[in-house]
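Participant: Sequence:
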Amino acid sequence: MATKPANKGVFTAHTFDFLRDLIENNNREWFHANRSRYDDAKGELISVVERVLTSLSQFEPLANTAVKDCIFRINRDIRFSKDKAPYKSHLAFAIGPGGRHSGRIDYYVQIQPGGQSFLGAGMWQPTPANLAKFRQEVDYNVDELKGIIEADEFKAFFPEIHGETLKVMPKGYAADHPEIDLLRRKELFFVHRFTDKEVLKPSFADEVVRGCRIIKPYCDLLNYLFFDEKEEPVTL
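Heads up, the sequence shown is in the working numbering, so the first residue is 1 and it goes up one at a time.
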């Protein structure tokens, strides 16, 4: 009897089983002996990314963005790390124009056992120039930003905020500024976590797309501030 083909665009328990075993056996010998299991897990990842990319393309400018360009390698760069484990304990992809190296604010998804899977997006490790642009926007025109990140749907889907915060106010801003919390932010990255059960649902890719649609206005605002806004000419 022929084997029934797996549904496309979904993860199965196989992927989590592989990652759990990899966490316990993070060495090259084990990985090469279980290479076929990794290939199967990567195949599921590719299928999910294809489904997400197809849906995102309906409201994001993602022409010429290939699935392979969105997926991160599982190999870790251990050259400058004290942790010499050769492999990551998760699978991951990021979708932006051209893939994971778009250079813009994009959507990041990580698949990891134990309820550690998540969708995240936002300001992460900005350049000093971009951080200054963010703070200027908060100082001069905070209503648009707050209208996005304080909306009920946004807060319900993205309850976690990650990133470094200054203990004191940044230079040039008064300590009693009404937007003190936002101005002290060095990073403002929002996260939606998925349980393992949620990742294995047929609707997982659709939920990722729904989350991307919700956080898109925030990403659009950051991309405009950081990359698209034209510098006003200086008049003497």
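Don't read these hints as lab results, they were simulated from the structure.
As the structure is a prediction and not an experimental result, all values here were calculated from the model.
Virtual Cβ for every residue (Gly too), placed ideally from N, Cα, C.
Take these hints with a grain of salt, some might be off.
Unchecked claim - Taking lysine-lysine pairs in the DSSO-like style, the calculated list, with each CA pair at most 27 Å apart, reads: (1) Lys167 x Lys146; (2) Lys201 x Lys88; (3) Lys167 x Lys197; (4) Lys230 x Lys216; (5) Lys68 x Lys186; (6) Lys167 x Lys155; (7) Lys186 x Lys155; (8) Lys155 x Lys201; (9) Lys201 x Lys167; (10) Lys8 x Lys68; (11) Lys230 x Lys186; (12) Lys230 x Lys197; (13) Lys167 x Lys88; (14) Lys8 x Lys133; (15) Lys230 x Lys146; (16) Lys197 x Lys42; (17) Lys68 x Lys201; (18) Lys201 x Lys216; (19) Lys88 x Lys42; (20) Lys155 x Lys68; (21) Lys186 x Lys42; (22) Lys133 x Lys186.
As the list claims (entries may be wrong) - Okay, the calculated beta carbon distance ranges per label pair: (23) Asn141 x Lys197: 26 to 34 Å; (24) Lys82 x Phe59: 37 to 45 Å; (25) Glu150 x Lys8: 16 to 24 Å; (26) Asp143 x Pro170: 16 to 24 Å; (27) Arg73 x Asn25: 29 to 37 Å; (28) Glu150 x Asp17: 47 to 55 Å.
Participant: Each hint should be assessed against the structure and marked as holding or not.
Facilitator: Do the hints match the structure? See the list:
Straight-line distance between C-alpha atoms of Lys167 and Lys146 comes to about 22 Å, which keeps the hinted pair within the 27 Å bound. Restraint check for Lys201 and Lys88: satisfied, since their Cα atoms lie roughly 24 Å apart, inside the 27 Å limit. At most 27 Å may separate the alpha-carbon atoms for a hinted pair to count; Lys167 and Lys197 exceed this at roughly 38 Å. At most 27 Å may separate the alpha-carbon atoms for a hinted pair to count; Lys230 and Lys216 meet this at roughly 21 Å.
With a CA separation close to 31 Å, the supplied pair Lys68 and Lys186 exceeds the 27 Å bound. At most 27 Å may separate the alpha-carbon atoms for a hinted pair to count; Lys167 and Lys155 meet this at roughly 24 Å. Annotation: proposed proximity of Lys186 to Lys155 holds, straight-line Cα distance about 20 Å (limit 27 Å). For the hint linking Lys155 to Lys201, the alpha-carbon distance of about 23 Å falls within 27 Å, and the restraint holds.
The hinted pair formed by Lys201 and Lys167 fails the criterion: a straight-line CA distance of about 41 Å is larger than 27 Å. Pair hint Lys8 plus Lys68 holds up; C-alpha atoms about 16 Å apart against a cutoff of 27 Å. Between Lys230 and Lys186 the alpha-carbon distance is near 23 Å, which keeps this suggested pair within the 27 Å criterion. For the suggested pair Lys230 and Lys197, the alpha carbons sit about 45 Å apart, so the restraint of at most 27 Å is broken.
Restraint check: the Cα-Cα separation between Lys167 and Lys88 comes to about 32 Å, which exceeds 27 Å; the hinted pair is violated. The hinted pair formed by Lys8 and Lys133 fails the criterion: a straight-line CA distance of about 42 Å is larger than 27 Å. Of the supplied pair hints, the one linking Lys230 and Lys146 holds, its CA atoms being roughly 23 Å apart against a limit of 27 Å. A threshold of 27 Å between alpha carbons decides the hint, and for Lys197 with Lys42 the separation of about 19 Å falls inside it, so the pair holds.
With a C-alpha separation of about 23 Å, the suggested pairing of Lys68 with Lys201 holds against the 27 Å cut-off. Distance check on the hinted pair: Lys201 and Lys216 sit about 23 Å apart at the alpha-carbon level, within 27 Å; holds. For the proposed pair Lys88 and Lys42, the alpha carbon gap of about 13 Å is at most 27 Å, so the pair holds. At roughly 32 Å between alpha-carbon atoms, Lys155 and Lys68 are farther apart than 27 Å, so this suggested pair is violated.
Under the criterion of a C-alpha separation no larger than 27 Å, the hint pairing Lys186 with Lys42 is inconsistent with the structure, at around 34 Å. At roughly 12 Å between alpha-carbon atoms, Lys133 and Lys186 fall within 27 Å of each other, so this suggested pair holds. The hinted window of 26 to 34 Å between Asn141 and Lys197 is violated, with their beta carbons roughly 41 Å apart. Range check, Lys82 to Phe59: Cβ separation about 42 Å, and the 37 to 45 Å hint holds.
The hinted range of 16 to 24 Å is not satisfied by Glu150 and Lys8, whose Cβ atoms lie roughly 38 Å apart. In this structure the hint that Asp143 and Pro170 lie 16 to 24 Å apart at CB holds, the actual value being about 20 Å. Hint check: Arg73 to Asn25, Cβ distance near 19 Å, so the stated range 29 to 37 Å is violated. Judged by the Cβ atoms, the range 47 to 55 Å given for Glu150 and Asp17 is violated: they are separated by roughly 40 Å.
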